[in-house]
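Trainee: Sequence:
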Amino acid sequence: MPASLKHGLAVLELVAQAGKDGVAVTEVAVQVELDKSTVSRILATLRELGYVRQDINRRYLSTARLGKLAHRRPGAQDVAALARERLEELHALHDEAIHLAVVNGGEMLFLDYLQTTKAVRTETPMFPRPLHEVAVGIAVLAAVDHDERAQLMKESMAAADHRPTAEERAELRAEVGRAQERGWATIDAHDDVTRVAAALIDSSGRPVGAITVSGPGYRIDPQIDVIAADTIAAAKDIGAALRV
235 MPASLKHGLA VLELVAQAGK DGVAVTEVAV QVELDKSTVS RILATLRELG
285 YVRQDINRRY LSTARLGKLA HRRPGAQDVA ALARERLEEL HALHDEAIHL
335 AVVNGGEMLF LDYLQTTKAV RTETPMFPRP LHEVAVGIAV LAAVDHDERA
385 QLMKESMAAA DHRPTAEERA ELRAEVGRAQ ERGWATIDAH DDVTRVAAAL
435 IDSSGRPVGA ITVSGPGYRI DPQIDVIAAD TIAAAKDIGA ALRV
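Heads up, the sequence shown is in our numbering, so the first residue is 235 and it goes up one at a time.
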């Protein structure tokens, strides 16, 4: 995917997720890890196309046009709507960052995000990510059979900017194996952040997405077993709601 398109979609997703409160240019720049001038240009283009607007406080909000576009993709909106209440309950238990993402080929698309109220927090970009680069993707890979995993990995590698080395691929296989054994996934991004992810299983028994709880390792690690159990329980509840 071209970088310009990836950045544009990431900005558009953040504005949509901000809801009625909107979002400022600076806030978007931090989340997508781009400079303010680039974000400003992207937002100006989206505004010209009619997908976003500015309120009196110069905060950006999504428009009805974006909503109509979203409804043409069946499933994603339902997942976000059905998951929200359960995500809020999980957030209330641990007050750490929570993400909801769905599978789209070899990438994970982030639909929802709840931030911690604690002073020390992590900022995770919301743009689409290859499955093998994020904990939610590892959770999905661990929930499919060998043949489907091989196909998803092929698509994930194609979507990545960096092709894993042989050593990195071996570690990835080991991480997927560990996720299968314990029922939740993580990934070492070498950033002192611990992530706990669990897959969302639909009525066909396949993973449609995953949720993750993340935060500084010094906060997550001492209670990782409890957080993992609560994350798995939340994922099962959301999966059950999808099957109704």
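Treat the hints as calculated values from the structure; they're not laboratory data.
Only a predicted model underlies this, so the values are computations on that prediction, with no experimental measurement involved.
The C-beta atom is built at its ideal place from N, Cα and C for all residues, glycine as well.
Misleading hints may appear alongside valid ones.
[To be verified] Pairwise CB distance ranges (calculated):
| hint | residue 1 | residue 2 | range |
| --- | --- | --- | --- |
| 1 | N338 | R318 | 18 to 26 Å |
| 2 | R407 | E282 | 40 to 48 Å |
| 3 | E401 | I458 | 38 to 46 Å |
| 4 | I458 | H380 | 26 to 34 Å |
Trainee: Just pull the numbers of the violated hints for me, sorted ascending.
Mentor: 3
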